Each structure stands twice: as C-alpha cells, then as structure tokens.
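Sequences listed follow chains C and B, in order. Going by numbering that gives the first Met the number 0, the residue at position 160 of the first sequence is 159; the numbering climbs one at a time, nothing skipped. Going by numbering that gives the first Met the number 0, the residue at position 124 of the second sequence is 123; the numbering climbs one at a time, nothing skipped.
Hints were generated in silico from the structure; no laboratory data involved. Bear in mind the structure is a predicted one, so any value in this text is a computation, not a measurement. Glycine is no exception: its CB is placed at the ideal position from the N, C-alpha and C atoms. One or more hints might be untrue.
What the hints assert, rightly or not - Computed cross-link-like contacts, DSSO-like style, restricted to lysine-lysine with a CA-CA straight-line distance of at most 30 Å:
{"hint": "1", "chain 1": "C", "residue 1": "K321", "chain 2": "B", "residue 2": "K165"}
{"hint": "2", "chain 1": "B", "residue 1": "K144", "chain 2": "B", "residue 2": "K128"}
{"hint": "3", "chain 1": "C", "residue 1": "K321", "chain 2": "B", "residue 2": "K80"}
{"hint": "4", "chain 1": "B", "residue 1": "K431", "chain 2": "B", "residue 2": "K250"}
{"hint": "5", "chain 1": "B", "residue 1": "K286", "chain 2": "C", "residue 2": "K260"}
{"hint": "6", "chain 1": "B", "residue 1": "K290", "chain 2": "C", "residue 2": "K224"}
{"hint": "7", "chain 1": "B", "residue 1": "K80", "chain 2": "C", "residue 2": "K62"}
{"hint": "8", "chain 1": "B", "residue 1": "K547", "chain 2": "C", "residue 2": "K306"}
{"hint": "9", "chain 1": "B", "residue 1": "K144", "chain 2": "C", "residue 2": "K140"}
{"hint": "10", "chain 1": "C", "residue 1": "K197", "chain 2": "B", "residue 2": "K135"}
{"hint": "11", "chain 1": "B", "residue 1": "K343", "chain 2": "C", "residue 2": "K392"}
Unchecked claim - Rough simulated footprint, nothing fancy, chain B against chain C, three-plus residues with beta-carbon under 8 Å:
{"hint": "12", "segment": "86 to 93"}
{"hint": "13", "segment": "398 to 411"}
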Amino acid sequence: MAILSQTEAQDILKKVLSFSTADECEATLNGSISGNVRSARNTISTAGTADNVSLGVQSRFGKRSGVATCNEFDEASLRRCVQRAEEIAKLAPESPEYVPFLGPQKYLASPVAFAQRTADITPDYRAQQIGASMALCEARKLSSAAFFNDSAGFVAKRNSKGLEAYQRLTNLDFTITVRTADGLGSGYAIANYTDLAKFDAARLTRVAADKAASSVKAKALEPGKYTVILEPAAAVDLLSNMMRSMDARNADEGRSFLSKKGGGNRKGDKLFDERVTIYSDPTNAEVPDLTFAGDGRPQQKTTWIDKGVVKNLYTSQFWAQKAGIPDLPPPGGWIMEGGSQSTADLIKGTAKGILVTRLWYIRAVDPQTLLYTGLTRDGTFYIENGQIKFPVKNFRFNESPVIMLNNLEAVGKPVRLGGNLVPPLKIRDFTFTSLSDAV
Amino acid sequence: MKRRDFVGLSGLAAGALFIPTIPGFAGNLVDPARLLEPGVDVAIKKRLADAGLNAAKAAGATYADVRIGRYLNQGVFTREKQVQNIASTESYGVGIRVIANGTWGFAATNSVTEAGIAKAAQLAVQIAKANSKVQKEQVKLAPLKGHGEVAWKAPIQQNAFEVPIKDKVDLLLSVNAKALDLGASFVNSVLFQVNEQKYFASTDGSYIDQDIHRIYPTFGVTAIDRASGKFRTRQSLSSPMGLGYEYLSPKAADKIAGPAGSDVVGYKNSYDMLEDVASATKQVKQKLTAKSVTPGKYDLVLDPHHLGLTIHESVGHPLELDRVLGYEANYAGTSFATLEWKAKNIPYGSKIVNIVADKLQPGSLGAVGYDDEGVKTKQWDLIKEGTLVDYQKIRDQAHMVGQNESDGCCYSQSWQDVQFQRMPNVSLQPGKAKLSVDEMVKNVDKGIYIAGNGSFSIDQQRYNFQFGGQVFYAIEKGQITGMLEDVAYQANTQEFWNSCAAVCDASDYRLFGAFNDGKGQPSQSSAVSHGSATTRFNGVNVINTARKI
Numbered sequence: 000m001a002i003l004s005q006t007e008a009q010d011i012l013k014k015v016l017s018f019s020t021a022d023e024c025e026a027t028l029n030g031s032i033s034g035n036v037r038s039a040r041n042t043i044s045t046a047g048t049a050d051n052v053s054l055g056v057q058s059r060f061g062k063r064s065g066v067a068t069c070n071e072f073d074e075a076s077l078r079r080c081v082q083r084a085e086e087i088a089k090l091a092p093e094s095p096e097y098v099p100f101l102g103p104q105k106y107l108a109s110p111v112a113f114a115q116r117t118a119d120i121t122p123d124y125r126a127q128q129i130g131a132s133m134a135l136c137e138a139r140k141l142s143s144a145a146f147f148n149d150s151a152g153f154v155a156k157r158n159s160k161g162l163e164a165y166q167r168l169t170n171l172d173f174t175i176t177v178r179t180a181d182g183l184g185s186g187y188a189i190a191n192y193t194d195l196a197k198f199d200a201a202r203l204t205r206v207a208a209d210k211a212a213s214s215v216k217a218k219a220l221e222p223g224k225y226t227v228i229l230e231p232a233a234a235v236d237l238l239s240n241m242m243r244s245m246d247a248r249n250a251d252e253g254r255s256f257l258s259k260k261g262g263g264n265r266k267g268d269k270l271f272d273e274r275v276t277i278y279s280d281p282t283n284a285e286v287p288d289l290t291f292a293g294d295g296r297p298q299q300k301t302t303w304i305d306k307g308v309v310k311n312l313y314t315s316q317f318w319a320q321k322a323g324i325p326d327l328p329p330p331g332g333w334i335m336e337g338g339s340q341s342t343a344d345l346i347k348g349t350a351k352g353i354l355v356t357r358l359w360y361i362r363a364v365d366p367q368t369l370l371y372t373g374l375t376r377d378g379t380f381y382i383e384n385g386q387i388k389f390p391v392k393n394f395r396f397n398e399s400p401v402i403m404l405n406n407l408e409a410v411g412k413p414v415r416l417g418g419n420l421v422p423p424l425k426i427r428d429f430t431f432t433s434l435s436d437a438v
Numbered sequence: 000m001k002r003r004d005f006v007g008l009s010g011l012a013a014g015a016l017f018i019p020t021i022p023g024f025a026g027n028l029v030d031p032a033r034l035l036e037p038g039v040d041v042a043i044k045k046r047l048a049d050a051g052l053n054a055a056k057a058a059g060a061t062y063a064d065v066r067i068g069r070y071l072n073q074g075v076f077t078r079e080k081q082v083q084n085i086a087s088t089e090s091y092g093v094g095i096r097v098i099a100n101g102t103w104g105f106a107a108t109n110s111v112t113e114a115g116i117a118k119a120a121q122l123a124v125q126i127a128k129a130n131s132k133v134q135k136e137q138v139k140l141a142p143l144k145g146h147g148e149v150a151w152k153a154p155i156q157q158n159a160f161e162v163p164i165k166d167k168v169d170l171l172l173s174v175n176a177k178a179l180d181l182g183a184s185f186v187n188s189v190l191f192q193v194n195e196q197k198y199f200a201s202t203d204g205s206y207i208d209q210d211i212h213r214i215y216p217t218f219g220v221t222a223i224d225r226a227s228g229k230f231r232t233r234q235s236l237s238s239p240m241g242l243g244y245e246y247l248s249p250k251a252a253d254k255i256a257g258p259a260g261s262d263v264v265g266y267k268n269s270y271d272m273l274e275d276v277a278s279a280t281k282q283v284k285q286k287l288t289a290k291s292v293t294p295g296k297y298d299l300v301l302d303p304h305h306l307g308l309t310i311h312e313s314v315g316h317p318l319e320l321d322r323v324l325g326y327e328a329n330y331a332g333t334s335f336a337t338l339e340w341k342a343k344n345i346p347y348g349s350k351i352v353n354i355v356a357d358k359l360q361p362g363s364l365g366a367v368g369y370d371d372e373g374v375k376t377k378q379w380d381l382i383k384e385g386t387l388v389d390y391q392k393i394r395d396q397a398h399m400v401g402q403n404e405s406d407g408c409c410y411s412q413s414w415q416d417v418q419f420q421r422m423p424n425v426s427l428q429p430g431k432a433k434l435s436v437d438e439m440v441k442n443v444d445k446g447i448y449i450a451g452n453g454s455f456s457i458d459q460q461r462y463n464f465q466f467g468g469q470v471f472y473a474i475e476k477g478q479i480t481g482m483l484e485d486v487a488y489q490a491n492t493q494e495f496w497n498s499c500a501a502v503c504d505a506s507d508y509r510l511f512g513a514f515n516d517g518k519g520q521p522s523q524s525s526a527v528s529h530g531s532a533t534t535r536f537n538g539v540n541v542i543n544t545a546r547k548i
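Isolated chain C (complex conformation) (with noise of 0.2 Å):
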C-alpha cells in the first residue's frame, strides 16, 4: 500500500483527527517503496528492497505535547497510535518553545516531482542495467563496484486547524567506481533523477571506466595552494555544508560563522564573491521537492546568497516569532547559478590547474570558519595550458567554502546532484595541504 493518493491519504488522516480529543492533532502520513542492488569486483554482492508506511500523530494539550507512531492502519490502531499520543502529551511538561500548528496553508504548485517510469522499476532492470555496467568494465579489463537505488513515495499532512498537504516523489541514484586490475587507477559517476527517463548507466559507466584508465602512473605534486576546478561531484558536499549552516538562531546565539562580533549576525553582509548566488525553488524542473516543510510551513523560491551577500537565515517557526526574523524554514535542495561552460570548457581556459573529479571524508575542522578537512578521489589530473596533461596522486585539502568562493575564477553550467543543482567551480588557492598514496 506504499504509495497512496491524495485522496486515500486524507481519508486515513481525517479517520486519525476524528479519533482526537486533544486541543489540537496532526497527523502525517509518509510512504515509500524502494529497492535496490550493489556489486563490487564486477559481481552483484548485495540487493534488497523495502516498502513501508508510517502514520505520526501529535497530540497536543495546551502546550504539552506527545508524539506517537505506528504502521498499522485498521480503525482499532489508528485509534491506538492517537490514544498513545494523547497519554503521552498528558503526561509532558510543558514546552517554553510552543508553537501552535499552522492552520490552512498556501502551497505552491506541485512541481512534476513523481515519475512513473522511476517507480515502476522492478529487480530484474536493476539486475540488467548493473550486469550490463559489469560487462563493459569487463570487456575493457576493469573492476567496477556499483551501487543503484531507486525510491517512490509520498507525504501527507493534516491537522485540526485545517493545515492539508499532499505530494508524491520518485527519485534515483546511481553511484559507480570503476578501478584498473593493477589498482593504480580509479575513476567515478555519479547520477540522480526523478525520472528514470534520464538515467544512462553506459554513458556513466563510460566516464568512470576512462578516468580510471587515464588515472594510472599518478605523479606526485608538491602539496600547496592550486587553482582547481572541482567537478560538480567535488563542489556538491562543500557547499551543502555551508548551506546546512545558515541556521539563524545559531548565528543569534553566537556560534556560527554568520555570528557577527558583538551580537546579531551577518545577514546583509557582502561574504562571497559576486558571482555567487544561491537560491532554492521546489518548483525548479530539475530538482522538483516538496512545496511545504515537516511541520507544513511552506517552501517558497528563497534566495540565500545574492551576488555574494547573505539575503537570509533560515529559521525555527519558533526562533523567527522570537527574533521578529522571517519565517524560512531550512530548505530541501539548493540551487547555485552558473553559466553555459561544461567542465570541460573550464579546462580549456585553464593555464596551469588540477582538476578535481570529487572529495573524499570531508569533516568539519573549525565551525568558526567552515574549515573543512578531506581528500581527493577517483580521478585527480594537472592541467596545463587547456588540457590534461597527466594524473597526480590525491591530495588532502583544509579549506572553508567561504574562503573558496572569495577565489572563484568561474562558475560553470550547474548538474543535479543529490536533490541540487551544482556547478562545477574553477576556485584560486585551494590549500593542499599533504599528498596521499590511495587510488
């Protein structure tokens, strides 16, 4: 019963309100069917699948609160699960940072986030398209270990102020690296969808078997400050981390590197190379998300970081009521404007540079600066005068986003990748700071 329809859904959350005698219920329905296959040493070594629905209910007495879950839906759980909740928000102290539930909300258009090609997926295409993967990178005497996992779903909400929402996804991964037999050399894809209709496991398996081939006889570099393009792959965790840390109650409190010396924070302030602009939109076409938040607040088209000033802080509904601050909650996915230039074209204009295929093990170092420690992966090569000249040996980096995107050279065409849309970054003195022997 995974995947239910906005109408089956509400059924169930209306059946689960009716049951209520709290001040106020909300209940939210979260359903997905996903399977998935791995292979290493170009055979399939693990597969597995899962489908589940789970029901939460809130119950609330005035600002006591309970939580109860259950994945049962005949009438005598349902009355369960919000009994269970309503004996546990009896019980509860009350909360010095309640909220009441939202009432009736405005979402926007529901993007085209569910394709049914994604979650009409069955084990034997997961099965083909890994053995098909295997059979190249066998043909070309190579080792590949992939992993491919695909999900549909859907989320439900509805609460006794009125508060209704509903909206289905579908989503692919790909991952693939693919190694020479000698293991000197190593190379990877990565890929992810809403519709299957985009996926091309050849074409990926491709990329990673040629930077694995190209990446043997690796040189040593002297570690130091380099200009890099980083592939998108390589951008992606980098800048994730840095958009996981524009809290603003964080940056109020004074421990966040948007916290400014002698209270407040830095919204407003020029931090970033122009260029730089980030911005999330749940009704972007590449990268369709959900159009409200977990706890129904709506997810509008947000810019974050606009021509390198900090625009806005997302926030707690209760730390924006409290700080009179906008009322945004943290985004699913983020968006980084870019150009028209491939990766490849930001090769050809590059004189001297490396060029970074992804980063590796990537742990905060200093919050008070972003400084992020990790290492290069799978694919690392000097560039001179436009072209790839020969493979270097991996590097480690301690470097903070923010710093990079003072150094920005260029931003290329932005990818999706993990729910966002990433450009690949030409950045100046990216700090290397030791040399690695791993392939």
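Assemble chain B onto chain C, guided by the hints.
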C-alpha cells in the same frame, strides 16, 4: 509511563515531532513503559524461525538464516534548562537471508507470523535466483556446526530502560546547570540507550537468543566571547559502552588522571558526568585564549579517549577483509593492507605495537556471544610486534584468504538490513613494563598531549589521516606548560604506527567507543570499542587550523 516520570520537571519540551537523525535509531515511537515489556517467548520464536527456514529450503535455498529482532532505543535530549525531546522507539521484525544458485538473497518483513516469514523467505530465494543470472562468484561459506538452542546476555547490572525518565532528565539538567553556573554560554546533553533482543536460527541447526545493551551519555559545552566573536566547544570525555545504567554511577577507582598540569580525567567502567562537565566548562573558557600552535614536528602523547578513534580509522577499517578484497570500493573504499602487502611483511608499526581484535571484552560495545550469522565469538591477533598477522572475516570470506573459520564479525543494524562484515573491538595492548602518563611526559622534550576526539578524516585506502582533539597541552622539557589551540596532526598510517615509541601500562588502559560507525550501501551503523593506554608517537606533523574569513 507514570506521571511521576515527568513530575517536578520544569521548562521541558518533550515530544517534538522529529527524532534527531541517529543511524540505527529507527522504529515506532512508543510509550517508555513498552520498552520493559518482555519480547516474544523463545519457543514461539523457534517455531516462527523454523517456518522461515523450511519455506526457504522448499523454495530451493541451500542455506538460510532467520533473524527475529526487537530493537529498543531511547534518547533524552536537553539544552540549557529545558528538555528538547524524549523519544522511545521499538522496531520488531524478521530478516531472512538465503543462498540459492550459489547467490545471496535477502528479504525482511514486519509481518512476524509463520505466513509472513514464509513469504519473505520465498521472496529472498526469488531475489537470489534473479541475481544469480549475472553472478560471477559462487558464495562459499566456512563450515560451521550448529550450536543447538543457546542464549547469551550482556552482563549488565542495571537495565537503563528500567530507570525512570525523571532520573535521566534530572541528571542531564543537573549537568547543564553545572555548566551554566560555571560560566558556559550554552550546553546540551544527551543520553542514548539501546537494547537489541535478537533471535538467530539457521539451517546449520543453531537457535540463538541474545540480549545486548548499550549506553551513551554525552554533552557539549560552548563558550562565546561576544567582543571578539570567538567561540569554542568542549565535548564530553565519556565513552559509549556495552553496559547498563551502572555506567552512570561513578567510582573513584574508575577515574584516571591525565598528566600533571593537564586537568584531564579519563574514565574506565563508570563515568562521572558532573565532574566532566565542570572540567569541560573550565577548559572551554581556557580554549578561547589558548596559544595558537606553531606548526611543525612534535612528539604526541595521546590519551586513550583520543587514540581510540585513531585506532578505529587507521587499524580497524584497513583490516576489514571486505575492504581489502574490494567489496567497499564504491563507498567506504579499499585498503592499503592488501594480501600482497601483507605477504611482504612490511612493518605496520614498531615492535611495541600489539593490536588484538575481539568480540568478548566485558563492557565493550562489540561484545556478543554469537555474531549475526551464528558464529561463536573470540579474540585474535591482528598486529603482533608490529607485523600484520590477520584480518577481520566472516563466513563467506574465510576461503578467500585460505582459512576455514569465520572470526564472528557479521552484524546487521536491524532486522530489516542484511548482515555483513563489521569491525569487532580493535584494541592496542598496554605496555608490559610499568609506565605512568607522568613518567611518559617527563621524557618528552617538545610535544603535545591530546585528549578527546575531534575532527577526523582519512583517505579511502587508509594511508593519509588528519585528527583533531578536544583539548591540547604543550609539553616542553618534560612538563605540561599550557593549553594550545588550532591543533591537528597529519600522518601516514604506517609512518605513524612505526613512530610509536612508548605505551603506558595496563593501569592506564581503558575503552573508547564509536557509537555510530557507518559502512555499506545502503549505509548501516554499528557500535564498537577500542581499548588502549596513553601512547607516545615521535615526530608527527602538526598543522595550525586557524583561518580568517
């Protein structure tokens, strides 16, 4: 749940609609009282398991195992004077793994009935047969004799789920109050508790009932200097343990002082949360004005609560046989310690480096009687006098390294995830000669003493790593001379372990824990302990991490 659980609590905010993202913290939110209800009787579980095994065999499986699991979790989350959330969850279901046509298949269901389990068994066989069409390597299991009907229980003294929530909230709020009284700007504290009730049955003839407990109290104290805009945090020096609530009754004998002048206290089998938060608040304020480190080569004296994570990343992970063989190439990575590398007998570390793997150590996170494929657990050597002697294996890997026995390292985070090779406890053995931390520091001319784990990062083959910490102290001419900041060290695994110059004796030995170690696709979490005594490493490269934005 009883009203008294909440009586007397002020400023609480229990029951927010989301649970913080904690891997493995899945299941339905339930009344805490439900966590004390007994699970299904073992005789019924045997009958249910047999239904799965029989259905799998009838569908064509040559091997099958059934795991009926009831996974209980509770988290209490606070900040300053208020409770943010109290969540109790229960997850109950069955996972069935089969071999058909020489290929693994797996399916799981929350329909814990004979019919539901039989259906899942048939689906697992169907998946195995579908995948066998593109399978290149036939699964080969190390031989294993069935154990019959056996049971194992973690040797805890007090089930944490039996402690009233009020007591837990009182403890955490008193920790927060102590920090605020002593001048902290912010403090948050959390208590996690886990109980895995696992029943395993296989076509080998094993029926194993196990009861496993874990507990993890932790906090973070933040100090802010508004004028300069600088902020620093000090996390707790507790370890997650395979213990009950007794871990939170501090005993003087379990406290181990750091070197003179450091103001650091380490904890063995019990933890003094109030004492630690007082130290943390004092230290976090010192961190705001501590001297920024001068980069260069230093001799490092590493406290066990810090070194545990370095052991985890630079020894535990590279010696997982699935990584060595390439099964994790697309995610966690592979390993420098290949079979060819091992054959060359290149020193992994200096002669005093002895590292053992085990699934037995009482109070550790990895201790169980049997692993998740029914193998009785044991202890074995990984590195002996600096030389790599063995890896961590499960049943379908042993033959790949010419062995015929699993090490008992198979684990799944829940009934609905397939079990695979996970890290056992991996621990550095203490020095045989008597050596205290003060004696160790006395011999260091230019060094840094590091306690607590901070930022950590290592490459996908486990050569190059960088670690931070919670507190850093300069050592000059055998003396601790003051606190340092902005410290991280970078090293190569083999160079680092070969620079190991001294290990304190057994009186300083204690466990560090990794509560949420991630691996696999889809990713699964596991918990594992790492024992060590304070250890010295010579001439390690230290960088300064301060930046301006």
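Structure versus earlier hints - violations, ascending order
Structure breaks hint 9 only.
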